[in-house]
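Student: Join the two chains, each given in its own frame, into one complex according to the hints.
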Amino acid sequence: MREFLRFSFKSREGLLSYLAMFGSCLLGLFLIHLLLLGILKYDGDSGITEIVIYEWAGAVCAGVSLAVTGGRMLRIAVNGGTSRKSYLYGMGIVSLVFAAISAAAIEIVYIITDLIFECFGMELDYFTHIFMVIHADYSKKINLLSPKIIFFNMIVILLLVLLAYTAALIYMGLKNRVGKKTGLAAAGLLGFTYLISYAYYDIGVFRNIFAWLQYILYNIDDSILASDPAFKEYLIEPEFSYLEAVGIFVSVGLGFFAAAYLIYFLLARRAPVRGRA
Amino acid sequence: MSKMEFDSICKDYRKKTALSGVSFTVAKGSIYGLLGRNGAGKTTLVNMAGNRDFPTSGKVKLDGEDVKENDRALRRIYCSGAEELIPTYMRVRDVLASMRYFYKDTDTDYALELCKKFRLEPAKKLSQLSTGYRIIAKDIFALASGVEFIFMDEPTLGLDPNHRELLYKCILERFSDTESAFVISTHQIDECAGLFERCLILKEGRLIADEDSDKLRRSAYIAEGKTADVDAFTSGKEVLNRTTVGTLCSACVKGEPAGVPDSIEISRPTLQQLLIALTGGGV
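So the protein lines, in turn, are chains A and B. Residues 1 to 277 in the numbering used here are what the first sequence lists, from first letter to last. Residues 1 to 283 in the numbering used here are what the second sequence lists, from first letter to last.
Just chain B, same shape as in the assembly (with noise of 0.2 Å):
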C-alpha cells in the first residue's frame, strides 16, 4: 500500500516557527482530518506536501522517494490548498483541459457530472463564480484529479449546508471507488467527524495527536454537574479543559472514567470538544 511519510518536517519563517517536527504518516485507502486552530500550520503542512513551499528541514517522501522537486512522485499527489493557484479568468472546464496535462487520469467527465450535481456551469469563469461556487469548483477539481494523494485545506469554506453535505457525499463516493488517501484540513470538525478514519491534530506548528478517530474521542470523557461535584471528582486527573457556567461545571477529562459518584454525568466528547480541549480551550 502506497504511503506518504513526513519525516521530522520544521518550517521557520523569520519571525515565526510555523512547524516543529512534524512527524506522520498518510496511507493509501484510509481519510484524515488534519485539524487545529487557526494558525496551528495546516495550510504550511499542505503546501510542503503539493511542494508549494519547503520545509525548513525535514522531508516529504513518496513510497520512499523524496517528494521535493520530484514530477514523478508530485504527480501523485493534488493539493487544493486555501490559496488560489489557479487563475480566475480560467473557465472551469479550461482548468480540467489544463489540469489533464499535468494528471493524465483526469476524469473529465466525472467532473462534468459533479458539476451538475452541484450546479455549477463549467463555462463560468472562476472570476464569476461567488466565494462558495469557487471552493466547490477547487473542491471537484481535487476529486477528479485521479491521483493516489488528495489533500484538501478548507474544502468547505463558505459552502452552504445542502452543498457541505453534497460534498461529504461525493467524497466519500469517490474514496470508495479510488481508495485515494484524503487529508482534509478544516474548521467544520463535527460534520466531517465521520469522515476521518484518523485524526492529526496540529497545536501551534506541533503535532499533538495522531490516532485513529473513535479511539482519540474514547481517550476523553466529559464530567458534568455541579462545580464542587466536578472539582471533586477531577481532583487528581489530567483535566483538558474546564467550564463554568453559574453553579455548574463542564470539564473533559483524559483517560477511563472510574469511580463516578451519582451527583456526576459522564459523556463522550465531540471530536470538535476534544479538539477545542486539546488546543488550548475556548480561548
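Chain A with its partners taken away, still in its complex shape (with noise of 0.2 Å):
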C-alpha cells in the first residue's frame, strides 16, 4: 500500500491529476461568478439574488475529479503490480484527503469571490454558507475571514465533497463490475436523489438528516457564527456547541463516505480491470 500511496501524492497521475483536474472545475466556477456580477452589475440588481453555484458545484466536480482520477489510477496501479486490497485501502486514505484539499479549495475561491464582490458593492451570502445569496443592499455584516468562519465553512463544504465522492465511489465500483452506463445511471441517481433531498426535504432517507443538519446550520449561523453585537435582540440561543457542530457535520459526511467505501470495496475487491482492447 505504500508504494500506492506514494504514487498517489507524488506523481503526475494522482493528487496532481485531480488538482488539475478539479482546479480547471473551480476555475471554471470562478468565471461564471465574475460572469454574473457582470450580469448583476449591469442590470443594476439591487435585490437579493441566490445563487448555488460553489458549494454544490463544486462538490459535484470534486466527484467527478476523483472518479476519473481514481479510475485512472486503479488501472495503473494494477498494471504496476498492485493488488486490490493495497488500492482499495489506499484509496480510502486518499480520498479523504483530495476531499479536504478539495473543501478548502473551494472555501479559498469563495473567499477571493468574495472579495471581489464586494468591492463592487456585493458579497456572496454569510446567513447560510450552503446558499450563497448577492446582496446589493446588506445590513448585517460579519468577517468572512474570521477563522471561525472559514473552518465551519471547510466543514460544510467537506460534507458536501463526501456525498459527491459517495456518488464518485458507486460509480467507480459498477463501472468495472458491471459496465459504465450502470455506474453513470447509479451516480446520477444517487446524486439526484440528494439534490432533491437536500432542497426539496422530500426523500424519505435522507429527509431528516438533511432537515437535522440545515438546524444546526442556521442555529449555529444565528447564535454563534454571526451574532453581531449590534443585533442582540435577533440571537437565539445556541442549542449546540461550535465544535458540537463542526462534529456533527464531519460525522456525517464520514458516515455517508462509510457506507459508499463499503459498497465500493465489495464490488471492487474481485472485479476484473480491463482497459482498451
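Check before you lean on any hint, since a few could be wrong.
Capping the alpha-carbon separation at 25 Å, the derived lysine to aspartate or glutamate pairs in DMTMM-like fashion look like this [what the hints assert, rightly or not]:
(1) A:Lys85 with B:Asp12
(2) A:Lys10 with B:Asp94
(3) A:Lys85 with B:Glu84
(4) A:Lys180 with B:Asp12
(5) A:Lys85 with B:Glu83
(6) A:Lys181 with B:Asp71
(7) A:Lys180 with B:Glu84
(8) A:Lys10 with B:Asp105
(9) A:Lys10 with B:Glu84
(10) A:Lys180 with B:Asp53
(11) A:Lys181 with B:Glu84
(12) A:Lys10 with B:Glu69
(13) A:Lys85 with B:Asp212
(14) A:Lys181 with B:Asp53
(15) A:Lys181 with B:Asp109
(16) B:Lys59 with B:Asp212
(17) B:Lys104 with A:Glu3
(18) B:Lys68 with A:Glu3
(19) A:Lys85 with B:Asp105
(20) B:Lys68 with B:Asp7
(21) B:Lys124 with B:Glu84
(22) A:Lys85 with B:Glu5
One side only, chain A facing chain B, incomplete, derived with CB under 7 Å [as the list claims (entries may be wrong)]:
(23) Arg2
(24) Phe7
(25) Leu267
(26) Arg270
(27) Arg274
Bear in mind the hints are in silico, worked out from the structure with no lab data behind them. Glycine is no exception: its CB is placed at the ideal position from the N, C-alpha and C atoms.
Tutor: The following block contains the structure:
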C-alpha cells in the first residue's frame, strides 16, 4: 500500500492530476461568478439573488474529478502489480485527503470571489454558507475571514464533497463490475436523490438527516457565527457548541462516505480491471 | 531458480469456459511461447498472472506463494496485456516515471535507449502514437520493468517486419542480461519460433501441449505425395491434419516416420504448421 500512497501523492497521475482537473473546474466556476457579477452589475440589481454555485457545483466537480482520477489510478496501479486490497485501502486514505484539499480549495475560491464582489458593493451570502446570496443592499456584516467561519465553511463544504464522493465511489465500483452506463446511472440517481432531498427535504431516508443538518446550520449561524452585538435582540440561544456542530457535520459526511466506500470495496474487490482492447 | 506455477486454473464466464484446468510451470531463465487460436484463453491466462482478473478456481503461485492479492509477488511479475491499462493521455517518459513507484528496478536509461533504437519519441503521448508504436511502447515498458517474470501478450501486433526483427533481438539481449522468464503470446509463430525454448499450446481453454520447442516439432512429421499413397501410408497412424490440393496430399502425422515408401516425401513441420494441425486445421 505504501507504494500506492507514494504514487498517489507524488506522481503526476495522482494528486496533481486530480488538482489539475478539479482546479480547472473551479476556475470555470470562478469565471461564471465573474460573469454573473458583470450581468448583475449591468442590470443594476438591488435585490437579493440566490445563486447556489460554489458549494454544490464545487462538490460535483470534486466527485467527477475523483471518479476520473481514481479510475486511471486503479488501472496504472494494477498495471504496476498492485493488489486490489492495497489499492482499495490506499484509495480510502487518498479520497479523504483529496476531499479535505477540495473543501479548502472551494473555500479559498469562495473567499476570493467574495472579496471581488465586495469591491463592487455586493457580497456572497454569509447567512447559510450553503446558499449563496448576492446582496446589493445588506445590513448585517460578518467577517468572512474569521478563522472560525472559514473552518466551519470548510467543514460544511467537506460534507458536500464527501457526499459527491459517495456517488463517485458507486460509479467506480459499478463501472468495473457491471459497466460504465450502469455506473453513471447509479451515480446520477444518487446525486439526484441528494439534490432533491437536500433542496426539498422530500426523500424519505435522507429527509431527517438533511433537515437536521439544515437546522444545526441555521442555529449555529444565527447564534455563534453571525452573532453581531448590534443585533442582540435577534440572537437565539445556541443549542449546539461550535465543536459539536463541526463534529456532527464531519460525522455525517464520514458516515455517508464509509457506507459508499464499503459498497465500492465489495464491488471492486474481485472485479477484473480492463482497459481498451 | 524462481518459478511460477499455474495450478489447475479455471475461468468461467456466464456462457463460456475460457480456461479449464490449465496447469504448467514457468521457470526463470527460459522463454516460453504461449500459443493458440483466437479465443483459446491466452489473454485470460496472462490476465490471471498479473492479477488483472481472478480465476474461478485454481491458483497461480510464485515460489510457492499465491500471487492473488499479493503485492510482494506481483511486483516480481510484469504483464503487458493486450488491453491497454495505461491511460493514453500519458507520455511515454511519464509512464516510465510512474512505473518506478511500483517496480523499483525499472531501468529508465535502458528504456530510453530502446526508444532511440525504435525511433520512438519519449515525449509523445501514447494517444499520439500509431498502433504499432503504441505496442512498441508497451514492449519497452515490459523490457525495462526489471522484473523476473515478463508476460507479453501480442507484442508484435501491428509492427512492421523491421521492428519485429529488432524486438526479437532486444528480447534475446534482455533475456541474456537478466535471465528473466519471458512468456510471449503471439500469432507470429514461425518468426518467434527461434525465441521459444518451450511452447505452451492452448486449445479451447485447455492446455494441449507443454513441451520443449524442438521436441514438440520432432513429435510429428509431414508426409506428402499422391493422395492414394499418403492415405495408404498414414493408414493406422494418428493424422493430426490433412490437406489435399488436386491429386496431391499433405498429412501431418504424430510420431516418428518409419517404413516410408519412395512415393512419400517426409519433412518436419514448422511450429506454425504443427500448431495448425494440433488446434483444428485451417478451419
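Student: Now tell me if each hint is right for this structure.
Tutor: Going down the list of hints, with the structure as the test:
1. A:Lys85 with B:Asp12: holds, 23 Å
2. A:Lys10 with B:Asp94: With a Cα-Cα distance of about 13 Å, the restraint between Lys10 of chain A and Asp94 of chain B holds, given a limit of 25 Å.
3. A:Lys85 with B:Glu84: holds, 22 Å
4. A:Lys180 with B:Asp12: holds, 22 Å
5. A:Lys85 with B:Glu83: holds, 22 Å
6. A:Lys181 with B:Asp71: violated, 31 Å
7. A:Lys180 with B:Glu84: holds, 17 Å
8. A:Lys10 with B:Asp105: Holds - the C-alpha atoms of Asp105 of chain B and Lys10 of chain A are around 18 Å apart, at most 25 Å.
9. A:Lys10 with B:Glu84: holds, 23 Å
10. A:Lys180 with B:Asp53: holds, 18 Å
11. A:Lys181 with B:Glu84: holds, 20 Å
12. A:Lys10 with B:Glu69: Distance of about 24 Å is within 25 Å: holds.
13. A:Lys85 with B:Asp212: violated, 38 Å
14. A:Lys181 with B:Asp53: Roughly 21 Å between the alpha carbons, so the hint for Lys181 of chain A and Asp53 of chain B holds.
15. A:Lys181 with B:Asp109: violated, 42 Å
16. B:Lys59 with B:Asp212: Holds - the C-alpha atoms of Asp212 of chain B and Lys59 of chain B are around 24 Å apart, at most 25 Å.
17. B:Lys104 with A:Glu3: Cα-Cα ~10 Å, so holds.
18. B:Lys68 with A:Glu3: holds, 18 Å
19. A:Lys85 with B:Asp105: Distance of about 23 Å is within 25 Å: holds.
20. B:Lys68 with B:Asp7: holds, 13 Å
21. B:Lys124 with B:Glu84: Measuring from Cα to Cα gives roughly 17 Å; hence the hint holds.
22. A:Lys85 with B:Glu5: Satisfied, since the Cα-Cα distance of roughly 22 Å is no more than 25 Å.
23. Arg2: violated, 9 Å
24. Phe7: holds, 4 Å
25. Leu267: Where the cut-off is 7 Å and the nearest Cβ of chain B is about 14 Å from Leu267 of chain A, the hint is violated.
26. Arg270: holds, 6 Å
27. Arg274: holds, 5 Å
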